[in-house]
Amino acid sequence: MKENKQTGNLLEVKNLQKWFPVRKNLKEMLAGEQKHVKAVDGVTFELKRGEILGLVGESGCGKTTTGKLVMKLLNPTGGQMIFNGKDVTESTKEETKKYRRDVQMIFQDPYASMNPRFNIRDVLEEPLIIHKIGKTRVEREDKIKKALNEVKLTPVEDFMKRNPHMLSGGQRQRAATARSLILNPKLMVADEPVSMIDLSTRAEILYMMKEVQRDLGLTYLYITHDLSTARYFTDRIAVMYLGRIVEIGNADDVIDNSLHPYTKALISAVCEPIAGKVNLVKEVPIKGEIPSAQNIPKGCRFHPRCVYAKPECWEQKEPELIEYKDGHKVACRRYKEILKEK
Amino acid sequence: MNNNVMEVKNLKVYYMSEKGPVKAVDDVTFSLKKGETLGVVGESGCGKTTIATSLLRMPSPPGKIVGGQIVIDGIDIVPLKEKEVRKNIRWEKVSMVFQGAMNCLTPVYTIEKQMWQTLREHREMEYEEARKVMIKYLNYVGLSEDVLRRYPHELSGGMKQRVVIAMGLFLEPKVIVCDEPTTALDVVVQAQIINLLKELKEKLGLSFIFITHDLATEAEVSDRIMVMYAGKIAEIGTNHQIYGEKGPMHPYTKKLLEATPRLHHRVEKLSFIPGTPPDLLDPPKGCRFNLRCTEVMEKCYKDEPPIIEIEPEHFVACWRCVKK
Amino acid sequence: MTLKDRKDKFMEFWNEYKKVKFGLVGLAFLIILLLLIIFEPLIVPFEGATEAWSDIAYWQDYPQNSRPVWTNFFSKDKRTPSVILEDFKETELPQRGQVRFFEYEFEYDYNYDIAPKDMILRFKGDGKPFVTISIIRPDGKTIDLIRNREMIISSIDGARVSIQNNSGANAYNFASNYESAENLSGVARDRIDVMPVIMSKADVGITKGAEALKGTYTIKISAILREPQENIEKPIITMSGAVSGLMGTDNQKRDLFTGIILGIKWALLIGLLTSFVSITIGVIYGVICAYFGGIVDVIMQRIFEIFYGIPMLPLLIVVSAIFSPSIWLLIAIMGLLYWVGPVKTVRSIGLQIREETFIEASQALGAGHFRLIFKHMVPLLLPYTFASMALLVPGAIVAEATISLLGLGDTTIVSWGQILNSAFRGGAIINGYWWWVVPPGLMIAITGMTFAFIGFAMDKILHPKLKSR
Numbered sequence: 004m005k006e007n008k009q010t011g012n013l014l015e016v017k018n019l020q021k022w023f024p025v026r027k028n029l030k031e032m033l034a035g036e037q038k039h040v041k042a043v044d045g046v047t048f049e050l051k052r053g054e055i056l057g058l059v060g061e062s063g064c065g066k067t068t069t070g071k072l073v074m075k076l077l078n079p080t081g082g083q084m085i086f087n088g089k090d091v092t093e094s095t096k097e098e099t100k101k102y103r104r105d106v107q108m109i110f111q112d113p114y115a116s117m118n119p120r121f122n123i124r125d126v127l128e129e130p131l132i133i134h135k136i137g138k139t140r141v142e143r144e145d146k147i148k149k150a151l152n153e154v155k156l157t158p159v160e161d162f163m164k165r166n167p168h169m170l171s172g173g174q175r176q177r178a179a180t181a182r183s184l185i186l187n188p189k190l191m192v193a194d195e196p197v198s199m200i201d202l203s204t205r206a207e208i209l210y211m212m213k214e215v216q217r218d219l220g221l222t223y224l225y226i227t228h229d230l231s232t233a234r235y236f237t238d239r240i241a242v243m244y245l246g247r248i249v250e251i252g253n254a255d256d257v258i259d260n261s262l263h264p265y266t267k268a269l270i271s272a273v274c275e276p277i278a279g280k281v282n283l284v285k286e287v288p289i290k291g292e293i294p295s296a297q298n299i300p301k302g303c304r305f306h307p308r309c310v311y312a313k314p315e316c317w318e319q320k321e322p323e324l325i326e327y328k329d330g331h332k333v334a335c336r337r338y339k340e341i342l343k344e345k
Numbered sequence: 101m102n103n104n105v106m107e108v109k110n111l112k113v114y115y116m117s118e119k120g121p122v123k124a125v126d127d128v129t130f131s132l133k134k135g136e137t138l139g140v141v142g143e144s145g146c147g148k149t150t151i152a153t154s155l156l157r158m159p160s161p162p163g164k165i166v167g168g169q170i171v172i173d174g175i176d177i178v179p180l181k182e183k184e185v186r187k188n189i190r191w192e193k194v195s196m197v198f199q200g201a202m203n204c205l206t207p208v209y210t211i212e213k214q215m216w217q218t219l220r221e222h223r224e225m226e227y228e229e230a231r232k233v234m235i236k237y238l239n240y241v242g243l244s245e246d247v248l249r250r251y252p253h254e255l256s257g258g259m260k261q262r263v264v265i266a267m268g269l270f271l272e273p274k275v276i277v278c279d280e281p282t283t284a285l286d287v288v289v290q291a292q293i294i295n296l297l298k299e300l301k302e303k304l305g306l307s308f309i310f311i312t313h314d315l316a317t318e319a320e321v322s323d324r325i326m327v328m329y330a331g332k333i334a335e336i337g338t339n340h341q342i343y344g345e346k347g348p349m350h351p352y353t354k355k356l357l358e359a360t361p362r363l364h365h366r367v368e369k370l371s372f373i374p375g376t377p378p379d380l381l382d383p384p385k386g387c388r389f390n391l392r393c394t395e396v397m398e399k400c401y402k403d404e405p406p407i408i409e410i411e412p413e414h415f416v417a418c419w420r421c422v423k424k
Numbered sequence: 003m004t005l006k007d008r009k010d011k012f013m014e015f016w017n018e019y020k021k022v023k024f025g026l027v028g029l030a031f032l033i034i035l036l037l038l039i040i041f042e043p044l045i046v047p048f049e050g051a052t053e054a055w056s057d058i059a060y061w062q063d064y065p066q067n068s069r070p071v072w073t074n075f076f077s078k079d080k081r082t083p084s085v086i087l088e089d090f091k092e093t094e095l096p097q098r099g100q101v102r103f104f105e106y107e108f109e110y111d112y113n114y115d116i117a118p119k120d121m122i123l124r125f126k127g128d129g130k131p132f133v134t135i136s137i138i139r140p141d142g143k144t145i146d147l148i149r150n151r152e153m154i155i156s157s158i159d160g161a162r163v164s165i166q167n168n169s170g171a172n173a174y175n176f177a178s179n180y181e182s183a184e185n186l187s188g189v190a191r192d193r194i195d196v197m198p199v200i201m202s203k204a205d206v207g208i209t210k211g212a213e214a215l216k217g218t219y220t221i222k223i224s225a226i227l228r229e230p231q232e233n234i235e236k237p238i239i240t241m242s243g244a245v246s247g248l249m250g251t252d253n254q255k256r257d258l259f260t261g262i263i264l265g266i267k268w269a270l271l272i273g274l275l276t277s278f279v280s281i282t283i284g285v286i287y288g289v290i291c292a293y294f295g296g297i298v299d300v301i302m303q304r305i306f307e308i309f310y311g312i313p314m315l316p317l318l319i320v321v322s323a324i325f326s327p328s329i330w331l332l333i334a335i336m337g338l339l340y341w342v343g344p345v346k347t348v349r350s351i352g353l354q355i356r357e358e359t360f361i362e363a364s365q366a367l368g369a370g371h372f373r374l375i376f377k378h379m380v381p382l383l384l385p386y387t388f389a390s391m392a393l394l395v396p397g398a399i400v401a402e403a404t405i406s407l408l409g410l411g412d413t414t415i416v417s418w419g420q421i422l423n424s425a426f427r428g429g430a431i432i433n434g435y436w437w438w439v440v441p442p443g444l445m446i447a448i449t450g451m452t453f454a455f456i457g458f459a460m461d462k463i464l465h466p467k468l469k470s471r
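Those protein sequences? They're chains A, B and C, same order as listed.
So the mapping is simple: my numbering equals the position in the first sequence, first residue as 1, plus 3.
So the mapping is simple: my numbering equals the position in the second sequence, first residue as 1, plus 100.
So the mapping is simple: my numbering equals the position in the third sequence, first residue as 1, plus 2.
So that you can see chain A by itself, here it is in the shape it has in the complex (with noise of 0.2 Å):
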């Protein structure tokens, strides 16, 4: 067990895999073949103390998977996670439970993750009871006004009372934030926190979150399909695709000299609010479809529909991330030379 706080890591993950066994049909099942989804792949990164990476891919990269893996909702079938220095890749019961305590979720559709019939009240004082925080019910109030006030929901004593579905999208993300932060937990993933919020609303959600960073000292593993919002809240990014990370870096560094053809493609499919551009056919380098996640192609996966594929890409061995300079990491062997077809 390596004490990793000189590197100051919060998290590790190596190598991480979830393969989700498919059902087999009467032929395969007597050709005795098992068929795999593999949802996440192969990921490997680090998440600094006090840092916000963004971890960002278009639907079924993986990413939510890897939230979920890393929140230990689910069991990984491959690979190892680090968690402040200590492997946490398989746990007991009781271990995993302590584990939440440090690690907690912000979902993404902020009336469904509250039970409707609990209020504000009772959806915070849940997670004090399951971990016997506060011996009386006054002193675990006391713990739910605060947290309440965090994340700025007042009058702390109106909005106790309400039920989810009394309070605006906002509201709710507030009241689920706050919830999560009752336990005082290290590590924060948020999945698509704003996505399902008006985007009046968004920045100020989004600016909660900040303060709320600050104040605590979190770390956030931010998940998106949002590349802008992405860059504007995240520190480092790290795209994803078809269950694996294609490239990594400072948030700036990746949008601005994206290095991966799938990088490139999604930025330039992006939509900005810029007058002009009403006539102009979208140019995205990218070809096909995404292929299912039972099917990765040989070699790089995104060759298929990569525009600067060359034999090598499927006939070599999966690229692994290389790094390019200060921390910018990429999964292509032809980057370079892609950078000079420029």
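Bear in mind the hints are in silico, worked out from the structure with no lab data behind them.
Predicted model only: the values in this text are computed from it and were never measured.
We put the CB at the ideal spot given by N, CA and C, even for glycine.
Hints are not guaranteed to be accurate.
What the hints assert, rightly or not - Derived Cβ-Cβ restraints for the label pairs, each shown as a range:
1) A:Y210 with C:L353: 34 to 40 Å
2) C:A30 with B:M397: 55 to 61 Å
3) A:Y210 with B:H340: 28 to 34 Å
4) B:Y251 with A:G11: 48 to 54 Å
As the list claims (entries may be wrong) - In the EDC-like style, the derived pairs of lysine to aspartate or glutamate whose C-alpha atoms are separated by at most 20 Å in a straight line are:
5) A:K285 with B:D323
6) C:K377 with A:D125
7) B:K301 with A:E286
8) A:K101 with C:E362
9) B:K301 with B:E192
10) C:K11 with A:D125
11) C:K130 with C:E92
12) B:K369 with A:D255
13) C:K11 with A:E160
14) C:K20 with B:E118
15) B:K346 with A:E275
16) A:K285 with B:E280
17) C:K91 with C:E109
What the hints assert, rightly or not - A few chain A residues that face chain B, going by a derived Cβ cut-off under 8 Å, partial list only:
18) E61
19) S171
20) D201
21) L202
22) E207
23) L230
24) D255
25) I258
26) A272
27) V273
28) C274
29) E275
30) I277
Let chain A serve as the given structure and place chains B and C on it in line with the hints.
Chains B and C alone, transformed into the frame defined by chain A:
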């Protein structure tokens, strides 16, 4: 010379709830020119989806069109009988592309059967002829004819959306209302669909109403943009007037633009608008944005601002923009 | 939740419930039934009625198989209702040595078309008096009904004599003076209906009670007391009516209205207890299946299917036939079989709830199985639970009624099914004693309806509301 393929005047659509009428769309006037894309943008509760369904004369119950006119190709569809609308208006003159194609393709029939059913409702056609039409429009949206044999669950999100667009087109209506057609799609597919819509607009001279909550998408798709807030129009302007150098005039539009994150340059502080939209059951007196507006004046609490044309094609409903 | 929270939630529920009309109807009926149970001791004519139900002695003075009193309203020929004559004129005749002679005179106004079923004299006291009973008709004719009969007064029950049972010969003799030979030949001396003879016109057809003789009758009772310590107290004459009670009587002379009232608490007990037990088991079973899924679900579903396949009625019949169970055992068996009802639905609702994000969120917070099942899933199922409970009640009541009807139920209790059983055996159907059959059946139906209405109303309101954004 009236180049308008659709004109909406003083449209009022209320939801008759137990507690009274919810004024979802409250006196809205706008027009759509032939061959243009008019974007309708706003947040939840602003009325844009209500407008979408009302343009097809089917506001979801308990919604009702309580006033105003919707003139499509010279005919006001509001007073018509349902039978008339079903026969001659819906899908003939105006069609709709829904959000989330899963909502309008049944999983139990093949694409072919579903398209054929729709065609048959409206046109006297032999199957052979109908099939030709289906293939023609599937090709327009970039799909091959074997899609016909497929079931919806066998197609990807992007393909389904294309099918839905093809279905919205094949009767060659004058107006196509698109309600958040790209919101549920991945960003790459979204770009492809947007390209498709632009291509169709040019090739077939179609007119679109493009509804979304995303200002960024709107900028790349719409020729003119209508910003809605709490059931009313806040601002209408051309793409340049809203997104150009000068920027929009309505405080809400300004704030909304400031709240939209950018990809290509780092935004230091993203704006937000504190508070929530007003209760449409009992809207406040004066301008509906008054409680959240940073440029609010006393007049804003008393009277509703009229819609003024501050420059050609640029309309704003704000007291600050009214010159004395 | 605080008390105030609970009260608020209840008020919210109540406001919604008030709006559903048939729910209120159901609730009204339920309240009526509950009131009847509460006031049972007052309504039912005597204490300990449940035990008395089977005691023949209790019902002695009631008429047999008589219709409800209110049927007179609908029929042309009015039947005599039961009446107790308590006022008498007592005369003591001069003594002869030790022997004392007493006379008691009762008056009875008879204004009906169909004679009562019986006339019964009861008195308390001590000794073995010789009693003579005669009746003076309005037309002046006198019939000696009983002559010098030695009646032993028991210290517990007193003395009792029934005219119908003891005056046959005298009535026959009287009737033969006026009746046609034809009619007489059809009547047996010892089986003659005494009361119609006494109270009809002295003419042809008297044995059939063809034409009623209306007017005032005087009943004279003479008693001879031979010993000094003998005495007679409180003589009473009961006219056992041709109609009796709100719901008539059965062939054991039991007042059916009493039986019906007694049956309410059993019906409710059976219904509610069975449904409570089975719904509780069923819901928890279904939730556990849904929650754990996988192999647990598969095994539990197979067990469920075994139970589901057991036919309840045959099983109840077999068990009842072999073990002659008490009602409690029956309830237990029903509970153990009915639980299968809600399982499938609860499981599907449970599966949906399982997929909800807030379940995942609670897991992320560290919630264990117990908390997720009992604090999250089960409360969301509570509405369905209450609705099912209400809807299961009629089924349980009918099941018990069926078993009782077949003669296999618990005969020590008074349930409507038991009443129906005696009706069947007592030839109610053949003889047309509709008042014996309809009320119990109707009560089963009404009670079932009460709970069905309440259940449907609750289902309507408590159904998890569709999410709104």
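Which earlier hints can't be squared with this structure? Those not satisfied: there are none.
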